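Trainee: Each chain is listed here by its residues.
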Amino acid sequence: MKIVVCVKQVPDTKGGVKFNPDGTLDRGAMLAIMNPDDKAGLEAALRIKDEYGAEVTVLTMGLPKAEEVLREAMAMGADKGILVTDRVLGGADTWATSTTLAGALRNIDYDLIITGRQAIDGDTAQVGPQISEHLDIPVISYAKDIKIEGDSVVVQRQYDDRYHIVKAKMPCLITALSELNDPRYMTPGGIFDAYDKEITVWGRKDLKDVDDSNLGLAGSPTKIAKASDKVRKGAGEKVTLEADEAVTYIMDKLKEKHVI
Amino acid sequence: MGLEEYKGVYVFAQQVDNELSSIAFELLGKAKELAADLNTEVTAVLVGSGIKGLTDQLAEYGADKVIVVDDPQLKDYRTEPYAHALASVINEYKPEIVLVGATAIGRDLGPRVSARVATGLTADCTVLEIGDFPINAIPGQEQKHNQLLMTRPAFGGNTIATIACPDNRPQMATVRPGVMQKIEPIAGAKAEVIEYNPGFTPNNKYVEIVDIVKEISDTVDIMDAKILVSGGRGVGSAENFKILQELADAIGGTVSCSRAVVDNGWMPKELQVGQTGKTVRPNVYFAIGISGAIQHTAGMEESDIIVAINKDDTAPIFDVADYGIVGDLNKIVPKLTEELKKVVR
Chain A
1 MKIVVCVKQV
11 PDTKGGVKFN
21 PDGTLDRGAM
31 LAIMNPDDKA
41 GLEAALRIKD
51 EYGAEVTVLT
61 MGLPKAEEVL
71 REAMAMGADK
81 GILVTDRVLG
91 GADTWATSTT
101 LAGALRNIDY
111 DLIITGRQAI
121 DGDTAQVGPQ
131 ISEHLDIPVI
141 SYAKDIKIEG
151 DSVVVQRQYD
161 DRYHIVKAKM
171 PCLITALSEL
181 NDPRYMTPGG
191 IFDAYDKEIT
201 VWGRKDLKDV
211 DDSNLGLAGS
221 PTKIAKASDK
231 VRKGAGEKVT
241 LEADEAVTYI
251 MDKLKEKHVI
Chain B
1 MGLEEYKGVY
11 VFAQQVDNEL
21 SSIAFELLGK
31 AKELAADLNT
41 EVTAVLVGSG
51 IKGLTDQLAE
61 YGADKVIVVD
71 DPQLKDYRTE
81 PYAHALASVI
91 NEYKPEIVLV
101 GATAIGRDLG
111 PRVSARVATG
121 LTADCTVLEI
131 GDFPINAIPG
141 QEQKHNQLLM
151 TRPAFGGNTI
161 ATIACPDNRP
171 QMATVRPGVM
181 QKIEPIAGAK
191 AEVIEYNPGF
201 TPNNKYVEIV
211 DIVKEISDTV
221 DIMDAKILVS
231 GGRGVGSAEN
241 FKILQELADA
251 IGGTVSCSRA
261 VVDNGWMPKE
271 LQVGQTGKTV
281 RPNVYFAIGI
291 SGAIQHTAGM
301 EESDIIVAIN
311 KDDTAPIFDV
321 ADYGIVGDLN
331 KIVPKLTEEL
341 KKVVR
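Residue numbers (this note's numbering), protein chains in the order written: chain A, 1 to 260; chain B, 1 to 345.
Just so you know, the hints here were simulated from the structure itself, not pulled from any lab data.
The model shown is predicted, which means the values in this text are computed figures rather than measured ones.
Ideal Cβ positions, reconstructed from N, Cα and C, are used throughout, including at glycine.
It cannot be assumed that every hint is accurate.
[What the hints assert, rightly or not] Here are the simulated lysine-lysine pairs, BS3-like style, with alpha carbons at most 27 angstroms apart:
no., chain 1, residue 1, chain 2, residue 2
1, B, K341, B, K226
2, A, K147, B, K214
3, A, K238, B, K226
4, A, K169, B, K214
5, B, K311, A, K238
6, A, K257, B, K331
7, B, K75, A, K167
8, B, K331, A, K255
9, A, K253, B, K311
10, B, K269, A, K167
11, A, K257, B, K182
12, B, K341, A, K255
13, A, K253, B, K335
14, A, K255, B, K311
15, B, K226, A, K255
16, B, K94, A, K223
[What the hints assert, rightly or not] If you want a taste of the chain B side facing chain A, the calculated C-beta under 10 angstroms gives, among others:
no., residue
17, T119
18, D124
19, I209
[What the hints assert, rightly or not] Restraint-style ranges between C-beta atoms, simulated for each label pair:
no., chain 1, residue 1, chain 2, residue 2, range
20, A, S213, B, G140, 18 to 26 angstroms
21, B, E270, A, A235, 24 to 32 angstroms
22, A, K255, B, I183, 32 to 40 angstroms
23, A, K226, B, E4, 20 to 28 angstroms
24, B, D56, A, M186, 52 to 60 angstroms
25, A, Y52, B, P268, 30 to 38 angstroms
26, B, R281, A, V239, 20 to 28 angstroms
27, B, P198, A, A29, 50 to 58 angstroms
28, B, D76, A, S152, 13 to 21 angstroms
29, A, K255, B, P72, 51 to 59 angstroms
30, A, L63, B, G131, 26 to 34 angstroms
31, B, D56, A, L63, 48 to 56 angstroms
32, A, Y52, B, Q143, 52 to 60 angstroms
33, A, D252, B, K311, 18 to 26 angstroms
Please model the complete structure; the sequences and the hints are all you need to start from.
Mentor: Below you can see the structure in the form of structure tokens.
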């Protein structure tokens, strides 16, 4: 079977965020990593490969530098990497991004597409379901477990207070939760091999059945009206106290505010 | 057809097991404000099977109209039939704004529907208002009025972006649960009820639900708690959360936690506060052993009173705390519990 995993290179917002002196986000100082939910999706694909045999292709859209996450994915065990990069694709919102990725996916044979639930930079969780709509295939979001049964996938689909066991015929698209698994590490041999493997690079002209008016910044229905750094709530009091005094201090404040 | 022909503020009234979710009422509260600004009506879109009895409740919380899509195929949430229902309502009734909860259902339904009706969708909004786009007039560019301006955190809460959707209709947003205010229900209010069924014919996209497993929990929803006693990595172990539970019991609060705690498997995900957890705004939030990464503070900084206890005097939690105590939580928390037991009954 053939599996395509969509991955995104993102700034690592988890391990401490760096700011410029003027208070803006210093992206250059932050590590670029493979988005965690996508990595869980890749691991899920690699486990299917280990168990049932599969060809795993990783697909990303981004700057040329995004090749790094494809190399990482191949060092973990993916077979092929495809980078979609083109100036005209820049500034895309989720609609234009999903249109672009769908245009690339139409050139690829797949039984299963796996994306991460959401990327840690945008946190939208939209691109996976939107790709499935463009390709007219079923989507199962928020996957916590994935099994293959013949020509179907059986997925544990997580909700707030329950989960559904959902079965869908392939081809279908699944969005993966980080809780799905613990991704494997790259192996030294894998890293070595990954740099020998060819990465396919596609531009605008390689996208199938997409209209220019749906691509990039110009093709994005949502427009940024204003962006600003978050105004943080000001700090209050800070005291360094031994336990007894600390307790007295807290009790006084709780009384003062009529909490107790 | 022109954009100006799209009218009305529509809300996807999420129900699960034929019980309306809190987010449905929160969205109606916000929709009422937006509709007042636009001089239009609020319509709830109620999708499910055997759900007609829920319409009065939607009216009491602010719906002027309720469009009911009732079909056996809609018994439990599945992406395709629900997307077909909502997309068909949009195509039939042409709303100018559609709000969906940013829940595990809405964050799947919203993107699928927005792609189907070919419009933009802004995720996880925390502020919605009517205004101009561009916000300030730019020479040579038309400034459109009465646009939905959708504000959301991005980059893990480090930045705030305000988004508009000036050239496509409807303007769609998913909205974070717990952020918008419900109105005080108007007893006896009635809405105009419209039944609409676009027809549901199963196809390859109708997935099969093999089983439904409810994860019954006896914990209070942390979003409803008035006092939260929240622990982070600094608590040290799952066992040590006992001292937080005792503090919570003593003050009538509920235990919650940071993402690190969930990642370590000490506490269940449903108790997680923050960007990838829940947004809370209790009267009092105790942040105990929580360093206060922005992903965490994004979910709790609207709390009325924040008390932080942390041994690291440089922890960013002190930047948002009203009362910060640099000290050893293992000594302070049990003593605080003892003191509280003396005064709180």
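Trainee: Each of the hints needs a verdict: does it hold here or not?
Mentor: Now for the hints, and whether the structure bears them out:
For a cut-off of 27 angstroms, the pair hint linking B:K341 to B:K226 stands: about 18 angstroms separates their Cα positions. With a C-alpha separation of about 20 angstroms, the suggested pair A:K147 and B:K214 falls inside the 27 angstroms cut-off, and the hint holds. As the CA atoms of A:K238 and B:K226 are separated by approximately 23 angstroms, the hinted pair is consistent with the 27 angstroms bound. With a C-alpha separation of about 24 angstroms, the suggested pairing of A:K169 with B:K214 holds against the 27 angstroms cut-off.
Restraint check: the Cα-Cα separation between B:K311 and A:K238 comes to about 12 angstroms, which is no more than 27 angstroms; the hinted pair holds. About 24 angstroms separates the Cα atoms of A:K257 and B:K331, which keeps this hinted pair within 27 angstroms; it holds. A distance of roughly 16 angstroms separates the Cα atoms of B:K75 and A:K167; the hinted pair therefore holds under the 27 angstroms criterion. In summary, the hint linking B:K331 to A:K255 is supported, as the alpha carbons are separated by about 21 angstroms, within the 27 angstroms threshold.
For the proposed pair A:K253 and B:K311, the alpha carbon gap of about 20 angstroms is at most 27 angstroms, so the pair holds. Our distance criterion of 27 angstroms between C-alpha atoms is met by B:K269 and A:K167, whose separation comes to about 25 angstroms. Between A:K257 and B:K182, the direct Cα distance comes to roughly 26 angstroms. Compliance with the 27 angstroms bound is thereby established for this hinted pair. Taking the CA atoms of B:K341 and A:K255, the gap is near 14 angstroms; set against the 27 angstroms cutoff, the hint holds.
For the given pair, A:K253 sits about 16 angstroms from B:K335 by alpha-carbon distance, which is consistent with the 27 angstroms threshold. For the hint pairing A:K255 with B:K311, the CA-to-CA distance comes to about 24 angstroms; that is within 27 angstroms, so the pair holds. Only pairs whose Cα atoms come within 27 angstroms are accepted, and B:K226 paired with A:K255 is accepted, the gap being roughly 16 angstroms. With a CA separation close to 21 angstroms, the supplied pair B:K94 and A:K223 stays within the 27 angstroms bound.
The beta carbon of B:T119 is positioned within 10 angstroms of a beta carbon in chain A (closest approach about 6 angstroms), and the interface hint is therefore held. Interface hint status for B:D124: upheld, as the beta-carbon distance to the closest one in chain A is roughly 6 angstroms, under 10 angstroms. Because the closest C-beta pair between B:I209 and chain A is about 5 angstroms apart, less than 10 angstroms, the hint holds. The hinted range of 18 to 26 angstroms is satisfied by A:S213 and B:G140, whose Cβ atoms lie roughly 21 angstroms apart.
Roughly 30 angstroms separates the CB atoms of B:E270 and A:A235, a value that falls within the hinted 24 to 32 angstroms. At roughly 34 angstroms, the beta-carbon separation of A:K255 and B:I183 lies within the given 32 to 40 angstroms, and the hint holds. In this structure the hint that A:K226 and B:E4 lie 20 to 28 angstroms apart at CB holds, the actual value being about 24 angstroms. As the Cβ distance of B:D56 to A:M186 is approximately 58 angstroms, the hint placing it in 52 to 60 angstroms holds.
For the pair A:Y52 and B:P268, the supplied restraint of 30 to 38 angstroms holds, since their beta-carbon distance comes to about 32 angstroms. The hint said 20 to 28 angstroms for the Cβ distance between B:R281 and A:V239, and at roughly 25 angstroms that hint holds. Hint check: B:P198 to A:A29, Cβ distance near 51 angstroms, so the stated range 50 to 58 angstroms holds. Taken as a hint, the range 13 to 21 angstroms holds for the pair B:D76 and A:S152, whose Cβ atoms sit roughly 19 angstroms apart.
The beta-carbon spacing between A:K255 and B:P72, approximately 58 angstroms, falls within the hinted interval of 51 to 59 angstroms. In this structure the supplied range 26 to 34 angstroms holds for A:L63 paired with B:G131, their Cβ-Cβ distance being about 33 angstroms. A beta carbon spacing of about 54 angstroms between B:D56 and A:L63 agrees with the range 48 to 56 angstroms that was offered as a hint. For the pair A:Y52 and B:Q143, the supplied restraint of 52 to 60 angstroms holds, since their beta-carbon distance comes to about 57 angstroms.
A C-beta distance of roughly 21 angstroms is found between A:D252 and B:K311, which places it inside the suggested range of 18 to 26 angstroms.
Violation of the numbered hints given earlier is absent; every hint is satisfied by the structure.
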